[in-house]
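Visitor: Residue numbers (numbering that gives the first Met the number 0), protein chains in the order written: chain A, 0 to 242; chain B, 0 to 283.
Calculated directly from the structure, the hints in this document are not laboratory data. Quantities reported herein were computed from a predicted structural model and do not represent experimental measurements. Among the hints, erroneous ones may be present.
[Said to hold, decoys possible] What follows is a list of derived Cβ distance ranges for each label pair:
#1 B/His-35 / A/Pro-105: 31 to 39 Å
#2 A/Pro-147 / B/Ser-109: 47 to 55 Å
#3 A/Ala-210 / B/Ala-144: 23 to 31 Å
#4 A/Gln-92 / B/Val-14: 51 to 59 Å
#5 A/Arg-101 / B/Leu-39: 49 to 57 Å
#6 B/Ala-144 / A/Glu-29: 29 to 37 Å
[To be verified] Residues from chain A that face chain B, not an exhaustive set, calculated with beta carbons under 8 Å:
#7 Pro-89
#8 Thr-91
#9 Ala-94
#10 Arg-125
#11 Thr-128
#12 Asp-158
#13 Glu-169
#14 Ala-170
#15 Arg-174
#16 Leu-184
#17 Ile-188
#18 Gln-192
#19 Ala-199
#20 Val-205
Note that the Cβ used here is the ideal one computed from N, Cα and C, for glycine as well.
These are the residues of each chain, in order.
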Amino acid sequence: MTPEQRLADVFVALAGCTTDGPPDVAGTLEVLAHGSPSLLGVGAAAVVFAPDEYEAAQVAGSDPSVSRLEHDAVGWREGPGNDCRRTRTPPTQAALDGRSARQRWPHYAPRALGLGYARVVALPLRGHTGISGALVLFSHARQSVLTPGTLTLGQSMADFTAVTLERAREADRSRTLAAQLELALSSRIVIEQAKGVLAARLEMTVDDAFALLRTHARSRQRLVSVVAREVVEGHADPGLTGE
Amino acid sequence: MNPQGHEEALGLAAVALGRAARALERAERAEAAADHHELLAAKPGREFHARIAATHRRSAACHRSSASLQEAFARRTAEWTPGQGAEPRFMTGVAEACGTDSAALTLVDSGRNQLAVAVSDEQSRAAQELEYVLGEGPSRDAASAHRPVHASGPAIETRWPGYGRALASLGITSVAAVPLGTAAGCIGALAVFDPRPVLAEPADLAAVAEALTRIVLLGPDADPDLYGGTDHRATVQQAAGMLSARLGCPVDDALALIKARAFAGELSLDAVSLRILRGDPELD
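Same shape as in the complex, but just chain B (with noise of 0.2 Å):
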């Protein structure tokens, strides 16, 4: 055991603890404000508290829900032994709360380019590099059309070609995301792959998705770093720079390039980045 880790790992646990705590406050304010206003709108003529009731109440749902990714990433991450199984992530309690064991937080740029993922487990990291690599899937639809999409079985296949193929090799058989929408866009998707059909209703999976978006992406307690748990393709993004200088070519053409012989050779993009950052000369 590595009491150094283990400091460190209790000391994430309270930084979401006291998340955990702030959210809750913020719900149970949102929740007074609620009630008051559900007083107010019985009077006749005063119908617009109703509709003030509602927004807080909406405001309240989504701290709650923070509240309560924040306390399974606490729990996990005070019960986690260092050295003993993987690190525990954020990523892995929002899965849980979509009713599965893979999800997949993608954030993008104002273009609809993908600037950092995170995921819960190998399988969503998996398919979620498809979707990098590839240029297509459920996130990137979900995204730029700014609404929910969901496809299981063959259909997965006709709607991404490339995408859905690969995804089946992978043995997964269903997948669901739903926009990141704010008031004035979208920042991104989350996606869920084999999620239990009992538990994984749209509307759970939209409500998990507001929570991440308004309380743990966005807004003054915001962590879009998730405790570490984003990966922002560090490895990849470096590489793509040093084929970029090699080459003479843009860095877009060079990470275009990268993407192509990872998808030709079978081989993840970490693998072709590191090569290509050892000097390898087989890209040049």
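Excised from the complex, chain A in its bound form (with noise of 0.2 Å):
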């Protein structure tokens, strides 16, 4: 394979064609891990996903002790991941046995060099609502510092992560917000119904049927709505329904 099919075969993947329906966030955060080392030349990759302060940060490494590396640098505050997230500086590659990254990340530069990495620099994931995560990339001592082309071509994977990313987010929410509504909705269908059910069955007035209705869950610690539905389609407690 080429590496421009290589490359188209990432873009195809990351636009989540190669999933059913909308994209999920995790799948997507693999495909750009695992496909980075090969086609931006380096020796591995981790994409760290914090979209808000308030949900915990999701990691994804192309293999597992950078994954452990990412996702501890969340809790130490540390990392090239973690300032270009929080401060939003360019991106530089960092020399991990440097001074200044010695200073600044304490537990991450001696880990990152105990795994065989030399360098290390971190892309933003930029969507449209603004920065929500970082693509980290880390090169052995043998390899070379990587070029302005291969920076721009993984920004562009990590621009086009991000909107996938927030598709992603969007549609769990809309669907979450729909499904809410549908059940309030459909909740009150079914509490008529079941006042005109019960109002027949017992030769009682639909407000006194409500009343009941309202008491026994209660007394049951069961919600209306579910009582309700028990009696419309025919198991509710005989006792209810006087059967």
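If you follow the hints, you should be able to join the two separate chains into one complex; please do so.
Guide: As structure tokens, then:
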């Protein structure tokens, strides 16, 4: 396979075309983490996705040791991925054995050196609503400094991923809100239907039927809509329906 | 004049004004973010900022549009004198924004079954009931195909034979509907009847539908009940439950019987339902 074909495959996978329905967050992170090393000529890659401060960051790495490193980096608040998410500084390639790296990242730098990496750079995931994470690239000592062309390609992959991730999150949010609305509206319908069923069975008014339904549900600490559905579907507590 | 009714109306108007103010704040924040990203987009290699700016502009437009719907409702409600004329409806302002007097909102479940409707006037109520009774029409098509629908004149009857004939008898000659779409699917449709040709560009309708979906029906400040204006067809559902118990049939079959009875007898669903609730035996 030519490099161009490999690149095209990664973009197709990042667009979510290889999965059914809207893309999911975890799968998209895996595609980027595993596709980056060979395409960009680096030793390893990891993606950190932290779209807002209230949700736990999600991490994927091209191998388990960099996954663990970036996972710990979130807790330490260290490393280039953390810096580029927080300070929005332009990406710079840092030497892990340099003084500034050891000072800024007292836990991160020694661990990364121990894994056999000499340089590290983080590219921001830039979506419609801002920076939502970072693509972190690790190079071995024998690999030279990454060229501007490589960094531009890496940034394109990171930007493309960021937009896909936003779509995935937006679809999740919409699904949740629409499901809540549907549940609220269909509960009202089934409660009205149950009032009619009980009123017919027990020969009472619909208002009295509702009072009975509510009292029955409350005394058993169950939702009125759940009991109502049982009444409508004909498998309610016989004590309620007078059967 | 009913002083208690007046106080309640003023209370609703205050709630609507609060929602309008919050929507305007959100619109301004989105516009500031869009301005910021447009500046950044001017630099070469920073084109992605233009996309971010466009997203913020679209959100801002939705917030502004929902703010003017809330303001229109607040104004009507504050000016209304209880006992004189019908109580103001949120949908009246929606219809106005779409360039018509008659607009109807239909909410559907994931199986495309109608869950609730909200209408601006008697004409849109009658049109929406036709769609519910006959099971065909523009809102249903817009929601299931997830695309806009438009038909006028004889084309209405060609497309929906039963619905079209009945719609013509209401004096309606043109109808358009757009889906209420989200990133994950569709929650219903917005339909307008006899829109004034100059105002009702399809784009206007889509913009109102987007503001309704994102701000008024879903989201942090949503009120899908539209200040009590959403019709859950309580009487019809009660009658369906009652009929199903009397006939020993599933509630969906009872509902279909009520619809058939209304259609055959040229009665409203409410009229048929009230007879059932009163115990009239004709349907049993």
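Visitor: All hints, please: hold or fail.
Guide: Consistency of the hints with the structure:
1. Remark: the range hint 31 to 39 Å for B/His-35 to A/Pro-105 is upheld by a beta-carbon distance near 35 Å.
2. For A/Pro-147 and B/Ser-109, the hinted distance range of 47 to 55 Å is satisfied, since their beta carbons lie about 49 Å from each other.
3. Between A/Ala-210 and B/Ala-144, the C-beta spacing of about 43 Å breaks the proposed range 23 to 31 Å.
4. At roughly 56 Å, the beta carbons of A/Gln-92 and B/Val-14 sit within the given window of 51 to 59 Å.
5. Checked against the hint of 49 to 57 Å, the C-beta distance between A/Arg-101 and B/Leu-39 comes to roughly 34 Å, which is inconsistent with it.
6. For the pair B/Ala-144 and A/Glu-29, the supplied restraint of 29 to 37 Å holds, since their beta-carbon distance comes to about 35 Å.
7. Against a cut-off of 8 Å between C-beta atoms, the interface hint on A/Pro-89 is violated, since the closest Cβ of chain B lies about 11 Å away.
8. Look at A/Thr-91: its Cβ only gets to about 17 Å from chain B, farther than 8 Å, so that hint breaks.
9. Among the interface hints, the one on A/Ala-94 is violated; its C-beta lies about 26 Å from the nearest C-beta in chain B, farther than the 8 Å criterion.
10. Restraint check, A/Arg-125 versus chain B: the minimum CB separation of about 6 Å is within 8 Å; hint holds.
11. Below 8 Å, beta-carbon pairs count as interface contacts, and A/Thr-128 has one with chain B at about 7 Å; its hint therefore holds.
12. This hint holds: A/Asp-158 has a C-beta 6 Å from the nearest C-beta of chain B, less than the 8 Å allowed.
13. Taking 8 Å as the C-beta cut-off, the interface hint given for A/Glu-169 holds, the closest approach to chain B being about 4 Å.
14. The closest approach between the C-beta of A/Ala-170 and any C-beta of chain B is roughly 5 Å, which is under the 8 Å cut-off, so the hint is satisfied.
15. Restraint check, A/Arg-174 versus chain B: the minimum CB separation of about 4 Å is within 8 Å; hint holds.
16. Interface restraint check for A/Leu-184: the shortest CB-CB distance to chain B comes to about 4 Å, inside 8 Å, so the restraint holds.
17. A hinted interface residue such as A/Ile-188 counts as satisfied when its beta carbon comes closer than 8 Å to some beta carbon of chain B; here the least separation is about 5 Å, so the hint holds.
18. The beta carbon of A/Gln-192 is positioned within 8 Å of a beta carbon in chain B (closest approach about 4 Å), and the interface hint is therefore held.
19. Contact between A/Ala-199 and chain B, as hinted, is supported at the beta carbon level, the nearest pair being about 4 Å apart and thus within 8 Å.
20. Among the interface hints, the one on A/Val-205 holds; its C-beta lies about 5 Å from the nearest C-beta in chain B, closer than the 8 Å criterion.
Consistency note: the structure conflicts with the earlier hints numbered 3, 5, 7, 8, 9.
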